[in-house]
Amino acid sequence: MSLENLELFEVFVRSSRGLDHKHVGSLHAEDAEHALDYARDCYTRRSEGISIWVVKSADICSSQEDDAPEFFDPSDDKPYRHATYYPLPKEVGNM
Amino acid sequence: MNSLPSDLERAFQAKIDNEYKIEPKDWMPAGYRKNLIRQISQHAHSEVIGMQPEGHWITRAPSLRRKAVLLAKVQDEAGHGLYLYSATETMGITRAELIDALQTGQAKYASIFNYPTQTWGDIGTVGWLVDGAAICNQVSLQRTSYGPYARSMIRICKEESFHQRQGYQIMMELAKGTPEQKSMAQDSLNRFYWPSLMMFGPHDSESAHSAKSMKWKIKRETNDDLRQKFIDQTVPQIEFLGLEHPDKDLKWNEERGHYDAGEIDWEEFHNVINGNGHCNRQRISHHVAAHEEGAWVRDAQNAYNAKMKARRAEAA
Amino acid sequence: MLDLKEKTKQYSTRLGDDSLILGHRISEWTSNGPFLEEDIALGNVALDYIGRARMFYTYAADLAGNGKTEDDLAYLRSEREFQNYLINELPRGDFAFTMVRQLFVDVFFSYYLKALTNSNDTELAAIATKSLKETRYHLRRSRDWTLRLGLGTDESKARMTKALAEIWGYVHELFEPDELELELIACGIAVDTREIKDNWFADIGAILSEADLAIPDAEWAVRGGRKGYHTEHLSMLLSVMQSVHRAHPGANW
Ligand SMILES: [Fe+2]
Ligand SMILES: [Fe+2]
Chain A
1 MSLENLELFE VFVRSSRGLD HKHVGSLHAE DAEHALDYAR DCYTRRSEGI
51 SIWVVKSADI CSSQEDDAPE FFDPSDDKPY RHATYYPLPK EVGNM
Chain B
96 MNSLPSDLER AFQAKIDNEY KIEPKDWMPA GYRKNLIRQI SQHAHSEVIG
146 MQPEGHWITR APSLRRKAVL LAKVQDEAGH GLYLYSATET MGITRAELID
196 ALQTGQAKYA SIFNYPTQTW GDIGTVGWLV DGAAICNQVS LQRTSYGPYA
246 RSMIRICKEE SFHQRQGYQI MMELAKGTPE QKSMAQDSLN RFYWPSLMMF
296 GPHDSESAHS AKSMKWKIKR ETNDDLRQKF IDQTVPQIEF LGLEHPDKDL
346 KWNEERGHYD AGEIDWEEFH NVINGNGHCN RQRISHHVAA HEEGAWVRDA
396 QNAYNAKMKA RRAEAA
Chain C
412 MLDLKEKTKQ YSTRLGDDSL ILGHRISEWT SNGPFLEEDI ALGNVALDYI
462 GRARMFYTYA ADLAGNGKTE DDLAYLRSER EFQNYLINEL PRGDFAFTMV
512 RQLFVDVFFS YYLKALTNSN DTELAAIATK SLKETRYHLR RSRDWTLRLG
562 LGTDESKARM TKALAEIWGY VHELFEPDEL ELELIACGIA VDTREIKDNW
612 FADIGAILSE ADLAIPDAEW AVRGGRKGYH TEHLSMLLSV MQSVHRAHPG
662 ANW
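Chains as they are written, first to last, in the numbering used here: chain A, 1 to 95; chain B, 96 to 411; chain C, 412 to 664.
Excised from the complex, chain A in its bound form:
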């Protein structure tokens, strides 16, 4: 009875100049151009955006939760990458 074989696209919207595109949701469309139009109609009805990206959901390669230890833990022990690791004497001011 139902039939739905349009492709799924993820939608990213830049809400104003100077900001990153942010993921806002997904929609179905026949191709990327079409998805852009629908993203405009479905996700920016209140002028939420000035720029839109759409990406086929199937084209997104995502890290897996199972990989998280190998992926993300190693950076946990590199505190020297953070500015707070280096206390400065008051006298030198901000750096």
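Just so you know, not all the hints are guaranteed correct.
To be verified - Here are the computed lysine to aspartate or glutamate pairs in the EDC-like style, where the Cα-Cα straight-line distance is at most 20 angstroms:
(1) 120/B with 102/B
(2) 402/B with 623/C
(3) 203/B with 363/B
(4) 116/B with 65/A
(5) 568/C with 387/B
(6) 479/C with 490/C
The set of hints was computed from the structure by calculation and includes no laboratory data.
Given chain A, work out where chains B and C with the ligands should sit, using these hints.
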């Protein structure tokens, strides 16, 4: 069945207890997933079916401003349906499957939409009370444990606030209008007040899914707590309109700091859920008809897309 | 002899009629779209038209200066007083019918509004400037849909062909200014649609042929919208649209 939780389950519950959001690729118990799909899709279907009782008044809205507002409002509900289908699809179930479940009666939608909207007054009460009750629920769901659902809720809540206000504004105009308008408002309040209270579902003691949903923080507040909130907030709103409160047993309870309310007619509640509302069949057959009438359009899109791909491949 | 203000008022009112009646028709798609995204997109188009109608009516009401409002114009005139082009009042039909009508109207408006931005009447020109942006987007949609449906399946092509045949006779009056418009054209206020005609035919011809469809070679033409000589569909539309408003004379909403 093994009743002891596995390590995975324990780790999962620990995340929930620590208020970590669960994201699409995370491991989750089958029951959590099932429960979520049931709740989010039911929610999505409600948004979409909810377009009908208001949608058929767009053509009759009594002023151009109301026409534009109502159209924008109903269109938002379609958008909410889309956001929520999109959240459900992150769990690997397709919209087609969800729609199929709706149309074959396996999935439910909010029973309130099986009540008919008979007068323009109903467009006021639906926005004010039905969206109002929905908002109570949705505000609490902004903290739901599943990330995509929580994010959809945040987006939806932002849009909802105008829905309730436009409904209340309709009521204000009616209440201070001609005697006919005022009685239209009262009549509509009388018909929609109790069904709005039913939107929060059965009492906590009777609710089949409540305990598990609370433990997994899919639901954040219980049916009865949310209903109480709604009852309390609605009293001054009715008063301001100068309308009579439909609940004759309503009484302020100093000790509890809440209103005590009369009992809901649960027989009617179950009756409508079980298919005996005025519009149960109509709502589904409308949805099926639109979906089937749209089939040739979707087919054409797919065929066109395939042709274009083939053309590009040839050219390459 | 009507003065210029009165004529401009009538002109703005009929432009309001075109937008309201078409917007009303498109709004009938709500909850009936072929899928959710398209339902929402059609809603946006309908909202654009209703908004446009409100601007033209409000301006007309201002010119009348008799305390009447946009709603008086929309809700308290009869089918004989409405002066929209007939093409706008035809029932929404199937999705192919809706898209063919949109294509015709969108191409028409893309030239019409462009010309109206140069009107000597600055208010009309301002409304046109705002509306033109909307129409460009509408046209992008109706053009794309024409290609999809024309080149899609046998069924979609057949439905498009049928819709073209059913609508074709209603396009001719778009290019035939009546007396009121001729006078306002002479004053540099109204758009001379005779000057749009060639471009319109060329664009429609090109889009249709890209979609493997053709302009029907049919000889019929129905006219009368600008004279209030309507199809039977308009009175049905108005009795629905005006029912609540007229049942409560003088009420506020
Ligand atoms: Fe909603
Ligand atoms: Fe809403």
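So, going through the hints one by one against the coordinates:
{"no.": "1", "hint": "120/B with 102/B", "in the structure": "holds (18 angstroms)"}
{"no.": "2", "hint": "402/B with 623/C", "in the structure": "holds (13 angstroms)"}
{"no.": "3", "hint": "203/B with 363/B", "in the structure": "holds (17 angstroms)"}
{"no.": "4", "hint": "116/B with 65/A", "in the structure": "holds (13 angstroms)"}
{"no.": "5", "hint": "568/C with 387/B", "in the structure": "holds (18 angstroms)"}
{"no.": "6", "hint": "479/C with 490/C", "in the structure": "holds (19 angstroms)"}
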